[in-house]
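**Q** Following the hints, put chain B in place on chain A, whose structure we already have.
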Amino acid sequence: MKKTLTVLLFAPLFALLTTTAHAAGAELHLDHAPNKRTDNAALQNGAKLFVNYCLNCHSASYMRYNRLQDIGLSEAQIRDNLMFTAEKVGEPMRIAMTRDDAKAWFGAAPPDLTIVARSRASEFGSGPDWLYTYLRSFYRDEARPTGWNNTVFENVGMPHALWELQGIQVKGADGKLSVEVPGKMTPEQYDEAVADLVAYLQYMGEPVSEFRKSLGLMVIVFLGILLVFAYALKREYWKDIH
Amino acid sequence: MAGSENKYKSDGTLIGGALEWVDARFPATSLWKEHLSEYYAPKNFNFWYFFGSLALLVLVIQIVTGIFLVMHFKPDASLNAAGVPVAFASVEYIMRDVEWGWLIRYMHSTGASAFFVVVYLHMFRGLLYGSYRKPRELIWIFGLLIFLCLMGEAFFGYLLPWGQMSYWGAQVIVNLFSAIPVIGPDLSLWLRGDYVVGDATLNRFFSFHVIAMPLVLLGLVAAHIIALHEVGSNNPDGVEIKKNKDANGIPLDGIPFHPYYTMKDIVGVVVFLIVFSAIIFFAPEFGGYFLEFNNFIPADPLKTPPHIAPVWYFTPFYSVLRAVTSDFVPFLWLFLAAVGWLCVRPARFPLIVKLGYLGFVGAMFILLGVPAVLASWVGIKLTSIVFVGLEAKFWGVVAMGASVVIIGALPWLDHSPVKSIRYKGPIYKIVLAVFVVAFFILGYLGVLAPTPMRTLVSQICSLIYFGFFLLMPWYSQIDKCKPEPERVTG
Numbered sequence: 001m002k003k004t005l006t007v008l009l010f011a012p013l014f015a016l017l018t019t020t021a022h023a024a025g026a027e028l029h030l031d032h033a034p035n036k037r038t039d040n041a042a043l044q045n046g047a048k049l050f051v052n053y054c055l056n057c058h059s060a061s062y063m064r065y066n067r068l069q070d071i072g073l074s075e076a077q078i079r080d081n082l083m084f085t086a087e088k089v090g091e092p093m094r095i096a097m098t099r100d101d102a103k104a105w106f107g108a109a110p111p112d113l114t115i116v117a118r119s120r121a122s123e124f125g126s127g128p129d130w131l132y133t134y135l136r137s138f139y140r141d142e143a144r145p146t147g148w149n150n151t152v153f154e155n156v157g158m159p160h161a162l163w164e165l166q167g168i169q170v171k172g173a174d175g176k177l178s179v180e181v182p183g184k185m186t187p188e189q190y191d192e193a194v195a196d197l198v199a200y201l202q203y204m205g206e207p208v209s210e211f212r213k214s215l216g217l218m219v220i221v222f223l224g225i226l227l228v229f230a231y232a233l234k235r236e237y238w239k240d241i242h
Numbered sequence: 243m244a245g246s247e248n249k250y251k252s253d254g255t256l257i258g259g260a261l262e263w264v265d266a267r268f269p270a271t272s273l274w275k276e277h278l279s280e281y282y283a284p285k286n287f288n289f290w291y292f293f294g295s296l297a298l299l300v301l302v303i304q305i306v307t308g309i310f311l312v313m314h315f316k317p318d319a320s321l322n323a324a325g326v327p328v329a330f331a332s333v334e335y336i337m338r339d340v341e342w343g344w345l346i347r348y349m350h351s352t353g354a355s356a357f358f359v360v361v362y363l364h365m366f367r368g369l370l371y372g373s374y375r376k377p378r379e380l381i382w383i384f385g386l387l388i389f390l391c392l393m394g395e396a397f398f399g400y401l402l403p404w405g406q407m408s409y410w411g412a413q414v415i416v417n418l419f420s421a422i423p424v425i426g427p428d429l430s431l432w433l434r435g436d437y438v439v440g441d442a443t444l445n446r447f448f449s450f451h452v453i454a455m456p457l458v459l460l461g462l463v464a465a466h467i468i469a470l471h472e473v474g475s476n477n478p479d480g481v482e483i484k485k486n487k488d489a490n491g492i493p494l495d496g497i498p499f500h501p502y503y504t505m506k507d508i509v510g511v512v513v514f515l516i517v518f519s520a521i522i523f524f525a526p527e528f529g530g531y532f533l534e535f536n537n538f539i540p541a542d543p544l545k546t547p548p549h550i551a552p553v554w555y556f557t558p559f560y561s562v563l564r565a566v567t568s569d570f571v572p573f574l575w576l577f578l579a580a581v582g583w584l585c586v587r588p589a590r591f592p593l594i595v596k597l598g599y600l601g602f603v604g605a606m607f608i609l610l611g612v613p614a615v616l617a618s619w620v621g622i623k624l625t626s627i628v629f630v631g632l633e634a635k636f637w638g639v640v641a642m643g644a645s646v647v648i649i650g651a652l653p654w655l656d657h658s659p660v661k662s663i664r665y666k667g668p669i670y671k672i673v674l675a676v677f678v679v680a681f682f683i684l685g686y687l688g689v690l691a692p693t694p695m696r697t698l699v700s701q702i703c704s705l706i707y708f709g710f711f712l713l714m715p716w717y718s719q720i721d722k723c724k725p726e727p728e729r730v731t732g
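Protein chains in written order, with our numbering: chain A, 1 to 242; chain B, 243 to 732.
So that you can see chain A by itself, here it is in the shape it has in the complex:
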């Protein structure tokens, strides 16, 4: 009786949950980004791509250069290889372009990218998934002022900054993208490079995340042991209560 009642009550709830989850607006298909968050070589390659291709229009103003020691670089390496726009290694990743100029040139100021991997998460996939798909979805579109469009971000203001690596993609009649003019990289190499860049963006979004998880494990183990003692103490006090 109780069981039937529960089923009767919760069946409509589940029906509602499942139907509404699918009806949530336009579908956006995202490719799953390879997880390279703990791969220092990939993160360093991503950092190189980031400072060379992104950090001219986009700032990462909450990220200090010397924080890159997290991913296995020394201060000297950071200073010699990655610092194009700053004097001191403790400075944040700022850019020289002013927001007013950016607005005049691109129509909108390019957003700060420090935590873009966190803000781009949605019901369709994680932030890295979005970035991984987005950076591989630029195609030639003469109707746009920059000559570029994107299947993930319709009418995006940003031109394809990585075009010389990927080459030039065009959109076919079936909506699928294909490389028309090859770039410096093969499609496989390009996907790999974008995966590295996305891993770096993910790292930059929350540099502490791996330490957070390893600390969390210790905290929970400690609390688990504490629970045993707390429960034993409670039982000892309560043994006379009936």
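No wet-lab data here; the hints were simulated from the structure.
Note that this is a predicted model, so its numbers are computed, not measured.
Be aware that one or more of the hints could be misleading.
Stated by the list, open to error - SDA-like, lysine to any residue: derived pairs with alpha carbons at most 20 angstroms apart: (1) A:K234 / B:P501; (2) A:K213 / B:D339; (3) B:K635 / B:P572; (4) B:K275 / B:I257; (5) A:K213 / B:G530; (6) A:K48 / A:R37; (7) A:K213 / B:G343; (8) B:K671 / B:H657; (9) B:K545 / A:G157; (10) A:K103 / B:G325; (11) B:K275 / A:Y237; (12) B:K635 / B:L429; (13) A:K213 / B:R338; (14) B:K376 / B:W654.
**A** Below, chain B without anything else, positioned relative to chain A:
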């Protein structure tokens, strides 16, 4: 209470002497006895009785982490050199450059959600075991005021990170006040301190969040506990333990809160901390429910997000607000009129009261423009001056406010001969289950963008929500209850 038997007599040691000195000047021992070592709580508390002390724990966590956050947070909406609002950048500064700042911030942001989880479970306990019934009405009222205060605290605090959802959430909620007739627009302007949410709003919300609300909250928590300790705790059987006392006046089914419940609550605290830590360390965003993804984008007054949703703990009430469309207003009125009639129908009310009620309902019906809405359904446009017709948004705000405040009426709505669900009849069990399901559906729909189907479902659930409370005087009397035991069980 503070008689000489509660004054500590020194045993000759230094600490004993110090305590005697204090006790002669401050009721330390008598307070300790009254609220802990000689506060007798029923011995049969179950799982649901952990959440009161856990709420207190979360309050302390929020205050302590909040103190450290305030040391580094800057309530400033102006843009820094990189073009980012200073408030937003200061939160990221805490996350990256402040030692352990990320942990403090995640504790605070997870603590906000944990507070509501714990408080909702604490309130549900009240519904299960009738904790609001006489003589605990004031405890319940203080509790509701704490809940209201908590909602204010959460709302003000949510603006501070100055992300897109912070900004537009505040914009939507403050704009609601503009639906109030006559004073509305000026009232929302006064609350914002500006024509749009801006630096003035951020600064005053910071002040409310850090000073005003916590002060009121602490005062109310004290009142809640003092009132509780005056009348004693309820229990899962809903019987009064003070009815059966031993020769010393100690309830037979009571045990001292300290050490029994302090020791038991430590177990609850550790289990809570395990869950709390699991979220903080492994899923601090909690899939976008505790930290919304959109809030990692700095507030932009020129860019409205396509979908604005409040944080999960507000969504049931937000759904009630959205359920009230202009088409729904007549239904709501008919529903309330019918429920009211159920209340005045019994024979003990004289005819004049019944006629007066019908006249009042009829007058309100016409004055509030219900005929205008009904006529518009068949395509007739009524423009007569008689139909003052207020906009649906106003009724939505009223319904949302009522959906919270009505909880405070429970002690007077419940006419059941027993307190606990253990002895209540099948009607209450079914009604409570339906209510919980409706509450969850409302909460879920509040997160989503509205569609006609979802609006219809939320309207049905809103009627169930209000029906649970307003029909209680009727169904609680006809329910077939079992007799309460004389003493607590198990």
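**Q** Which numbered conditions among the earlier hints are violated in the structure presented, ordered from lowest to highest?
**A** Violated hints: none at all, because every hint is consistent with the structure.
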